[in-house]
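Chains as they are written, first to last, in our numbering: chain A, -8 to 333; chain B, -8 to 333; chain C, -8 to 333; chain D, -8 to 333.
Don't read these hints as lab results, they were simulated from the structure.
Errors might be hidden in some of the hints.
No farther apart than 30 Å at their CA atoms in a straight line, the calculated lysine-lysine pairs in the DSSO-like style are these [claimed, not checked]:
no.: 1; chain 1: B; residue 1: Lys122; chain 2: A; residue 2: Lys122
no.: 2; chain 1: D; residue 1: Lys122; chain 2: C; residue 2: Lys216
no.: 3; chain 1: B; residue 1: Lys122; chain 2: B; residue 2: Lys288
no.: 4; chain 1: C; residue 1: Lys122; chain 2: B; residue 2: Lys216
Owing to the predicted nature of the structure, the values given are computational and were not obtained by experimental measurement.
Number of protein chains: 4
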Amino acid sequence: MIGVGVVGYGYWGPNLVRNFAETPGAYVASVSDLNTQRLELAMARYPSIQATTDVAELIRNPRVDLVAISTPVSTHFDLAMRALRAGKHVLVEKPLTRSSEDGLRLIEEADRRRLQLFVDHTFVYTGSVRKLRELVRTGELGQLYYYDSTRVNLGLFQHDVDVIWDLAVHDLAIMYYVLPMWPVAVSTTGICHVPGGMENIAYLTMFFQENMIAHVNVNWLSPVKVRRTMIGGSQKMAVYDDLEVTEKLKVYDKGITVKSNPETLYKMLVGYRTGDMWAPQLDTTEALALETRQIVKSIETGVCLATDGRTGLHVVRLLEAATQSMRHRGYITELQTEMAAA
Amino acid sequence: MIGVGVVGYGYWGPNLVRNFAETPGAYVASVSDLNTQRLELAMARYPSIQATTDVAELIRNPRVDLVAISTPVSTHFDLAMRALRAGKHVLVEKPLTRSSEDGLRLIEEADRRRLQLFVDHTFVYTGSVRKLRELVRTGELGQLYYYDSTRVNLGLFQHDVDVIWDLAVHDLAIMYYVLPMWPVAVSTTGICHVPGGMENIAYLTMFFQENMIAHVNVNWLSPVKVRRTMIGGSQKMAVYDDLEVTEKLKVYDKGITVKSNPETLYKMLVGYRTGDMWAPQLDTTEALALETRQIVKSIETGVCLATDGRTGLHVVRLLEAATQSMRHRGYITELQTEMAAA
Amino acid sequence: MIGVGVVGYGYWGPNLVRNFAETPGAYVASVSDLNTQRLELAMARYPSIQATTDVAELIRNPRVDLVAISTPVSTHFDLAMRALRAGKHVLVEKPLTRSSEDGLRLIEEADRRRLQLFVDHTFVYTGSVRKLRELVRTGELGQLYYYDSTRVNLGLFQHDVDVIWDLAVHDLAIMYYVLPMWPVAVSTTGICHVPGGMENIAYLTMFFQENMIAHVNVNWLSPVKVRRTMIGGSQKMAVYDDLEVTEKLKVYDKGITVKSNPETLYKMLVGYRTGDMWAPQLDTTEALALETRQIVKSIETGVCLATDGRTGLHVVRLLEAATQSMRHRGYITELQTEMAAA
Amino acid sequence: MIGVGVVGYGYWGPNLVRNFAETPGAYVASVSDLNTQRLELAMARYPSIQATTDVAELIRNPRVDLVAISTPVSTHFDLAMRALRAGKHVLVEKPLTRSSEDGLRLIEEADRRRLQLFVDHTFVYTGSVRKLRELVRTGELGQLYYYDSTRVNLGLFQHDVDVIWDLAVHDLAIMYYVLPMWPVAVSTTGICHVPGGMENIAYLTMFFQENMIAHVNVNWLSPVKVRRTMIGGSQKMAVYDDLEVTEKLKVYDKGITVKSNPETLYKMLVGYRTGDMWAPQLDTTEALALETRQIVKSIETGVCLATDGRTGLHVVRLLEAATQSMRHRGYITELQTEMAAA
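Given the sequences, and given the hints that come with them, work out the whole structure.
Shown next, in the form of structure tokens:
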């Protein structure tokens, strides 16, 4: 049995506790939070779990094999490093760290100690995103043309990260999982409306070596909630709307056919093809339940079957480049080429 | 009575003919098109109107006081200039011209001859956009935070202009009408999927002197049609969805309140305010019917009451800057400062 | 060439004129309306068509082979009978007549004179309803369980018929076309909110010899427009939403499986099956264009290929029974058994 | 502190336990269920609560002041009567009992013993329904014209009650709370598709002394879930869609104006009025949390502040009449006149 210690019992922590508690092969040994009220809530729900305001106590608890970190981003590196040095496997909330340098150090520390380092990219465990990957990877969509996502709502303004690190990170995690390629450059624009705060609206355009483009629109100041991603391909196009209750994923048999020998200016270059729409049935297993099971299996077998530190690092590097571009109003920023080697 | 000659009887021309035909104070004297099949269709519907494949005949027709040009963009300048030189008032389909230089020459020619030059920015005559302007200009939305628009669908790929000049032009026309300010710089990204063609997907970010941002997402390769614009302000936020049948415009009493003295890092900087949503009743007059009436009144009175050449030129200058930025993958492009003087 | 005379140029008449004018093998010879303003509108649009306030003139016009009647229901019988007696084929707006007796007399008169009598059940010529019929008739939905339709909006209150004869008639026409069976009894409830008026809300339940039920909800006093029909079968279920712009028809691979040997009270009798959803591409030909072509072909060949008087009579008989039931607050009313012999 | 015993830990029971556990002034003392697996789940979550398969043990537990019954309908009467006779207050899941006779006996028993009897009509504690009541009761909608509800989905087929007792009961509970009047007669139709089962589709029409009508459409065999209620009045109309995430309630300033002196047949009797739409902000407190608080306050003060047995009895009497009408294919069934006296 894998013992889990959950650091941080705020918004997401309770979901980690609940899911690890119900994962075969795992149990929750300890929960820590600086806020005693949150801790009391945890104790009321789970009287048998050790609850502490001292994270060091949680980390050194011998019943804890895996430390799951669900705290503000700025604390990820320090907490994860302490846990690794105490010989514990680590799961870190997204994004992995505040900087790629920190992320790389965590990966190296884990490798050195033969420990596993996971990043909690929850969305890639949803039925919708797994089906999306299948559609892309089996070639059903054909050659990819674009990935376009809108992820906006009112709030919650974060204090230690901007809207890119808070919301766009989900899209980058999904892109890393779904797409067979990765951006080589990014141009980002954004704005901050809160004095002394961080950007609350941002637009990321990502370029690829292939003739493909990705765009992500994130906004903490939208009166309506939108969670919509479109992936266009030469054969089919998919629309993934996470707010739909049932048909979250729709596949359109639509596209264009380009004629090769246009003879005159006014002759049509492009033909349009429209066919059926299809909404495949999706696995409705709770994403985090699948994720915790994969994590527990990874620890049991020593083979990583879940989103790992390197995955988290790729996403952090793109976030860094996006932030850098945004500071220069869209100036194109190349991604480091040693990326693949990470 | 104002006699109107309509050049081009393709997609939009029939709407111009129908609306001018039903506008008090106007009649349609002539229609021209290079395509004889289109011309036969016009003749079948309006047997009493002169129909010709020779635009020169239409322009020199003494019964024609106003030449309405509804042809590919690349032909706008030449046709409009010929009409002005023949002493006719001119209405040009959006965008006004292929270049700001051409647009400026048309304006100067019209001024010199005391003729009126109109640009067909149809959307600004819709009930939705007029109400949107009212909400913005009366301060009901408060200080403006952002303008964010998505205008995507499958096709129609244009041959002489890219997706910015075809679709984003609508948003720029709406922005010019609705907003009390105008961008000072633009960063645009885009991609072309048709060999030898023009960009079919583009993303424009526009910066203002004020702490405000605008973004427009245009795409000819989307499986679904979206026409949604959000305007966020410090008091209220509006969502304008042109595909809604009835409630096209929704006003949300939502926003944030920024606390001035945040004491600690983790203390909440931002409060959220949510209230009622309200969908005002909108005037359902056909936009083009209102526009043709305003144009006829403008000619009758000699006072321009419709979207004029200068308005069209502002939009063309922004389109030029956007294209230039897109050629350099988002490189920030300042708008010419003599803009206001145009 | 078949000459057509259109009686009534109000809401629907212009559509008849436009479609017959564009149907190969047909031309519009005459239009009549009591309202001279409407007539002037017709003349302005179609200067070459005879326009008259005297329907007798239209009927005796030798260039008129087919009289298309688009007038209030109470006038259908008289106008149709006059046209038949003048030797003209007749198309009557839905519902065919105010009473089944009148309908039967028209059918007999047409038969006697070897003329064709059509009823304008426009919806059965839409791509959606034709595909729905295909799904039902090929057995793709399996054994039919129910037909459930909601057809509500604000207005237009009719003066000579209640909401059943105005709105439910569409559903009965669709049911007659789509279903392989026909109701044997009906229970209808309704209410009138206008003093001296007719019922403006009604609910029809229809019973069949098979274990199937149909229900239609019609309402002139709804703040929102709804046009939604569900057909449930043992294999699949279809939802037809006529207000959707693109995917009007959705087919759900959902249903129940009934276990044959339930052993205990609390054991599950019923299993649920859910699978993909599929929105077939639909023919977007204008329904009335297809209908007028079928009517012209029917007259040319002498073989009826369109919705005929007998079809209209079945629907009228059901409307009569529904009204009778409604007068007695839902009292079950059997349909006449000689129905099939009509 | 009020001690609560929850009988039945199936679908709804866990919600009762969680909400009573978090209600100030209350605690959960005991949970009983015949299914030991369900009981183990309860014990895992709440180790300190007595868990038993023997409901008698729960009822006689001196720490239990209120017995909350969340079991199949057929068991309600017996369990509630045993609890009352043991001197406990009782909360019964909807519908109160299988028959009005049983309901009346429970009310009398509770009265005799000065105990409180509650019925769990959860929907009337939602922000949407409370706002709906306010709109109706303050006269904002004007004179009421109709109540029209659709409540359909796939499953869950119940074993001891038909779809009326399972789904329509929600609408009747809402109607009783929202409307200032109550039906005098009902006409119901329905059908059963499961051999040996109960009706799984039903349509209820309810008549009032006022010129008002109510209709409820319930269906366990719908491929899509619909939860939509419309209330039409002479001043405004409301649409309550419980599946909307945010704007669940929309109020339309729409209606008709009836002209009193129509002179001719063809003169318009009815004018149409359309204005703004408005979606009021709604209280998002969990309905059951508000309900449990009201129940606890009722017991503390001795004054019933929650939905009581008499309320439940009114609904059961209507359900009985509806079932009776359905057995006779829509035959109108009068409600007992001593209703008000219950």
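Hint check:
no.: 1; hint: B:Lys122 <-> A:Lys122; result: violated (42 Å)
no.: 2; hint: D:Lys122 <-> C:Lys216; result: holds (23 Å)
no.: 3; hint: B:Lys122 <-> B:Lys288; result: holds (22 Å)
no.: 4; hint: C:Lys122 <-> B:Lys216; result: holds (23 Å)
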